[in-house]
Amino acid sequence: MRDVAVVGFAQRQMEEFDGSPTCVEMLVPLFAECYEQTGWNRHDIGFWCSGSSDYLAGRSFSFVSAVDAIGVIPPINESHVEMDAAWALYEAWLKIQTGEVDTALVYGFGKASAGVLRRTLALQLDPYSMTPLWPDTVSLAGIQARTGIEAGVWDERAMAEVVNRSLTDAEKNEYAIRKGGSSVEELLARPMYADPLRKHDCSPVTDGAAAIILAADDRARSVADRPAWITGLAHNVDPISMGNRDLTRSPSTAAAVRGLDLGGVEVAELHAPFSHQELVLRTELGLADDVAINPSGGALAGNPMFTGGLIRFGEAAKKVWDGSADKVLAHATSGPALQQNLVCVMEGREKAEH
Amino acid sequence: MFYFLTMPRTLSAPVTVAFDYTRSTGPVVGRFLTGLRDGVLVAGRTSAGDVVVPPLEFDPGTHEATADFVEVAPVGTVTSWSWVPEPVAGQPFDRPFAFALVTLDGATRPFFHAVDVASPAQMSTGMRVRVRWAEERVGHINDIACFEPLPAGDAAATAGAAANQSAVDEDPQREPTPVTGVITPVSLDYVYAASPEESAFYSALLEGKIVGQRCPTCQKVYVPPRSACPADGVAPTELVELPDTGTLTTFCIVNVPFLGQKITPPYVSAYVLLDGADIAFLHLILDIPADEVRMGMRVKAVWKPRDEWGTTIENIDHFRPTGEPDADYDTYKHHL
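Going line by line, the protein sequences match chains Z and H. Using this note's numbering, read the first sequence as starting at 501 and increasing by one per residue. Using this note's numbering, read the second sequence as starting at -9 and increasing by one per residue.
Only chain H is shown next, with the shape it has when bound in the complex (with noise of 0.2 Å):
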C-alpha cells in the first residue's frame, strides 16, 4: 500500500500591517474638519461659482488657495449610488448599505459618504437625505456617520426647501480650537505565503535542520534560499544542507532600548556565516559577555527544546562561542 504525503506547495500565515496614520490638514482640509466637529458643513466656494464639500485646497481655475467658505445644509440629493453588499472592514456598517454622491442643498457638487438603509430598494437617484451626525465629534470625516433617507413629511423632503447656503460663523464662543490634524487608523490583513524555497528553509528548521541553496550558475550557497540568485537571476536548483556551525563575520553591540525588545542590553547582533555558506545571516550572540564578542569568532547555534520548535527561525535560540581558534580574516573577508 502507498500512502501519499500531500503538503501545500509554500507555507502562509497570516499577517496584520497596521499604522495610525497621523496627518495636518492645512488651512482649508482644517477649516472642513472643524465644521464637523462643530456639527456644520463648510463648503468652498471655486471661481467658477462652484459650492464645493469639502472644499478643494486650490481653485481648479486660479490655483489660488481657497479663502472664500460658505456653510451649507446637511440635507441634501442623492446623485448617483452603489449598493455595497459585502461590506469590507472599517467601512461605515459591517451590513450592507449604500455609498451614495450626494448634493448638498446649497452646494453645487456632491459630496461621497454612506447611506444607511436595508436594501437597494430603498434607494433611488433624487431621493432626500439629511446627516447623522456621530454621537462623538472630534474633527474627522467620521464625525459623519452615515447619510439617512429623510422621514416622508418632513420640511425638508423637497429639494431647495431646507435652509441654503450661508457665509461661515466666525463666532468665537463655537471654535475654541480649530482642527489641524487627524489620525486615521489603517489595518489591512493578509495571507502572507513563502516562495517554495523558503518554505523548505521554515519546513527543514522543524526537523533541526538548516537549508541553503547554491546557484547553479555562481555556485554561491545563500541561506536563507531565495527564488532567484541575486547575482546572477537564476532559479536555485539545488537545495543543500548546512550545519549549524559558523564563523562571526560582524557584529554590533544593541544598548539602546526600544519598543519590543526581548533581551536586556547590552547584548549582540551579529552576521553569522554558516559553513560552507556564502552568504552570513543576522542573529543574536548570547554565553559571552558583549565585549568580548569579536570578529572571526567561532561560533554554534543553541536550539531550544525540540518540543518548543516551528516552522520559525526562532527554533535557533541564539549562537553561542566554541571555543575554537577564531578564523583568519581572509577566510572570510569576502563575506562582510
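Bound conformation, chain Z alone (with noise of 0.2 Å):
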C-alpha cells in the first residue's frame, strides 16, 4: 500500500447561495486555495474526482459544467460518484493506491437551496415502495430517533447535549452557517417539529462546496510539513429499507471500522445530519469520553448536500496539520438513516513500516 496523505482543504457553506447550481464560480477559488496551499497549479494533479447530483442543481450534467473550473486543455483524468463527496475521496485514494497517479483532487458541490432538499432525496429511496410516498429525510430521521428513544438507547436530553455542543463550538467555525449554544434546558423547552425532532435536531439546509488534495508518498512529504497520512479508509453499506434493519444501530459503520486501528484517536470529525445520529456512532465506533467529537461544530452546524462528508475530512485533517492532534477520524455518511458509512483514520506519524 502506498502512503497517502491530505495536503489541501477548502470549504464554502452559506444558507443560500445566489449563483448557477453548476458551482463554477465557488469552485474556481476553492481550488485556487488548495493549489495556494500546495504550490502546485492544475497541471500537478493526477486526477479530478466529484460528488454532486442533477437531482439537486435542477439539470443534466451538472458535473460537467463544473469541470470548467478545472480547465481541461489538455485532457484530465476525471471521475464522478453521485454521493458525498468522501466517497469521490475513497475513488481518488484507490486511484493512487494503483500507482496510475501520484495525487489528486476530489471536490463536491451542491446548491440545496435551489430545490426542496428533504423532499428530493425521496429520490434515493426504493423506487417502488418508498420514492411515491416522498418520504422526507426529517421524517425517516425522526421514525429512526423515535426508535432510539423509546428503545432507550438514547434519549431527548443526549440529543440537546450533542446539539448543544456543536452549536456552541460552531462559534469558533466561520463557515458554519447555525452557531451559538444555549443550554440543554433551553434547546428541550423548544417546541418540536416533526415530533420527536426539534428544528435544531437537523442540520440546516445548506449550500456549499469543498476541496481536497491527496497526495502520495514523497508528493506528500514535499508539500506539507505534517501531512495527513491516511492509515485506514473503509466504508460498507446496510439495506435502504428502514424496515429491515435495527435503526438505533449502524452495522455497517462497525463493518467499516472491524479492520481499522481506531485506538490514539483524539479528534472525530462524525457526519451526523441529525443530532441523535452521532449517538449511533459514537458507539459503533467505541470513541472513548476524552475524545473530542465534532470541533467544528459538525454536520448540525452546516450541512451542504454531498460535501458535509468531505468537509469531516478536511476539518480532521486540519488537526494535524497544525499538531493538535496525532491521530484524528473522519466519518461521511450517505442515503438515508445512515445507510452508508465511510470511515477514515489520518495520522500525523507515518506507519510504523517507515
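These aren't lab readings, by the way, just hints derived from the structure by calculation. Don't take every hint at face value.
Claimed, not checked - Label-pair restraints from in silico Cβ distances:
| id | chain 1 | residue 1 | chain 2 | residue 2 | range |
| --- | --- | --- | --- | --- | --- |
| 1 | Z | ASP822 | H | ALA79 | 44 to 50 Å |
| 2 | Z | VAL737 | H | ILE253 | 46 to 52 Å |
| 3 | H | LYS294 | Z | ASN744 | 57 to 63 Å |
| 4 | H | PRO50 | Z | GLU536 | 47 to 53 Å |
| 5 | Z | SER722 | H | ILE173 | 55 to 61 Å |
| 6 | Z | ASP746 | H | GLY171 | 30 to 36 Å |
| 7 | Z | VAL737 | H | ARG296 | 56 to 62 Å |
Claimed, not checked - Quick list of in silico lysine to any residue cross-link-like pairs, SDA-like style, CA-CA up to 25 Å:
| id | chain 1 | residue 1 | chain 2 | residue 2 |
| --- | --- | --- | --- | --- |
| 8 | Z | LYS699 | H | ARG85 |
| 9 | Z | LYS699 | H | PRO110 |
| 10 | H | LYS210 | Z | TYR535 |
Cβ coordinates follow ideal geometry from the N, Cα and C atoms, glycine included.
Put the two chains together into one complex, using the hints given.
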C-alpha cells in the first residue's frame, strides 16, 4: 500500500448561494486555495474526482459543467460519484493506490436551496414502495430517533447535549451557518417540529462546496510539514429499507471500522446530519470519552449536500496539520438514516514500517 | 441627489423537471403490487423465518430469489413514527400527518407508510392501525391510501386478534393478470439561477446586445460567457460586447419531426461564430432555402420586435444570410 495523505483543503458553506447550481463560481477560488496551500497548479494534479447530483442542480450533466472550474486543455483524468464527495475521495485514494497517479483533487458541490432538499432526497429511496410516498429526510430521521428513544438507547436530553456542544463549538467556525450554544434546558424547552425532532436536531439546508488534495509518499512530504497520512479507510452499507435493519445501530459503521485501528484517536469529525445519529456513530465507533467530537460544530452547524462528509475529512486533517492532534478520525454518511458509512483514520506520523 | 439602482446579482427563474418513471417490477415486487391491486398484503418469508412486507427480492441469507409468499393482515401495530408538520408535494396528505413503521399482523418486519391522524397527540407507538385502501387500485404502493387508527371496540384492536398469515391464495379468479410494471410520476420544482456571467449575457440581450467573456489567460472570447474558461479554469475578468454578425461554421438540416418542434421541417440548425468570438453557438438559419445553406456563409441576427424582448436568447428570432462573400475556410477552421 502507498502512503497517501491529505495535504490541501478548502470549503465554502452558506444558507443560500445566489449563483448557478453548477457551482463553477464557487469552485474556482476553492481550487486556487488548494493550489496555494501546496504550491501546485492544475497540471500537478493527476486525477480529479467529484461528488454531486443533477437532482440537486435541477439540470442535466451539472458535473460536466463543473469541470470548467478545472480547465481541461490538455485533457484531464476525471471521474464522478453521485454520493457525498467523501466517496469521491475513496475513489481517488484507490486510484493513487493503483500507482497510475500520485496526486488527486477531490471536490464536492451542491446548491440544496435550489429545490426542496428533504423532498428531493426521496428519489434515493426504493422506487416501488418508498419514492411514490415522498418520504422526506426529516421524517425518516424522526422515525429513527423515536426508535432509539423508546428503546431507551438514547433520550432527548442526550440529543440536546449533542446540539448544544455542536452549536457552541460552531461559534469558532467561520463557515458554520448555524451557531450559538445555549443550554440543554433551553433547547429542550423549544417546540417540537417533526416530533420527536426539534428543528435544531436537524442539520440546516446548506449550499456549499469543498475540495481536498491527496498526495502519495514524497509528493505529500514535499508540500506539507505534517501531512495527514491516511492510515485506515473503509466503507460499508446497510439495507436501504427502514424496516429491515435495527435503526438504533449502524452495522455498516461497525463493519467499516472492523479492520481499522482507532486506538489513540484524539479528534473525531462525524457526519451526523441529525443529532441522534451522532449518538449511534459514537457507540459503533467505540470512541473514548476524552475524544473531541466535531470541534468544527459538525453537520448540525452546516451540512452542504454532497460535501458535508468531505468537509469532515478536511476539518479532521487540519488538526493533524496544525499539530493539535496526532491521530484523528473522519466519517461520512450517505443515503437514508445512516445507510452508508465511510470511516477514515489520519495520523501525523507515517505507518510503523516507515 | 443620487439614485441607486438595486438589482439582484444574478437572474433566476422557476424550473420544473418532470418525468414519469416507468419500471418493470420483476416477479417478487410484481407479486406484492398484484396483491395491493387485489386488496391483499403479500409478504415474503426469509430463510431466517422473517416475514417481510414488501417481500425482499432476494433472501438476505441465502441470496436465493424469494419464492415463499404469505398473506398478512391489513391490520397492524405502530412500532415507530414521526410527525410530518409541513408535508411536501406528493406525500399522501397535504395536511399534517404521521409517517410510521407498522408491523402488520402476521409479519415480523415493519412496513413504512402514512397514518392519517390530526395531531401528534393521536399517535403512539403500540397503537393499532388498519389499511385504508384507495378508491381505485391499480397495482401501486399508493393503492394503500394510508393507515388509520382502529376504532375503539374493534375486534382487531388488540394485537394478535386479527387473522394471522395464510398461504397466498392462488385463486385464478382473483388474479386475471399479474402486475408487471408501475408508473411513478416525478416532478421537482427549482428556482434556477444563472451565474453572474450568464446573468450579464441575458441582461444585455434585453438591451439588444450580445456579451461575451475574454479569458485573461488564453485571450479566447466565449459567448455565452462562462464562470471559468473551460480550457484554463480561470475566472473571467473582462466582458466584451460582440456584433450580431458572424460566420456559419457547420450546420445540419433538420428533416425529422419531433414533439415540441416550432418550425416546419426542413430547416437549418447551425453553429454561428460571431465576429470576434472564439466559440460558435447554436441558432436557427432562415430566409434561405435549406439546400443553399453552406459552411462559411456570412450571417446576421434577425431580432424580434423590441417590445417582445426579454432576458432570453429568443430575442434573436434567427440568423439570415448577409449576402457578403463566404468567409475563407482558414478563418474558421479552428472553431469547428
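May I ask which of the numbered hints given earlier this structure violates, with the numbers listed in increasing order? none
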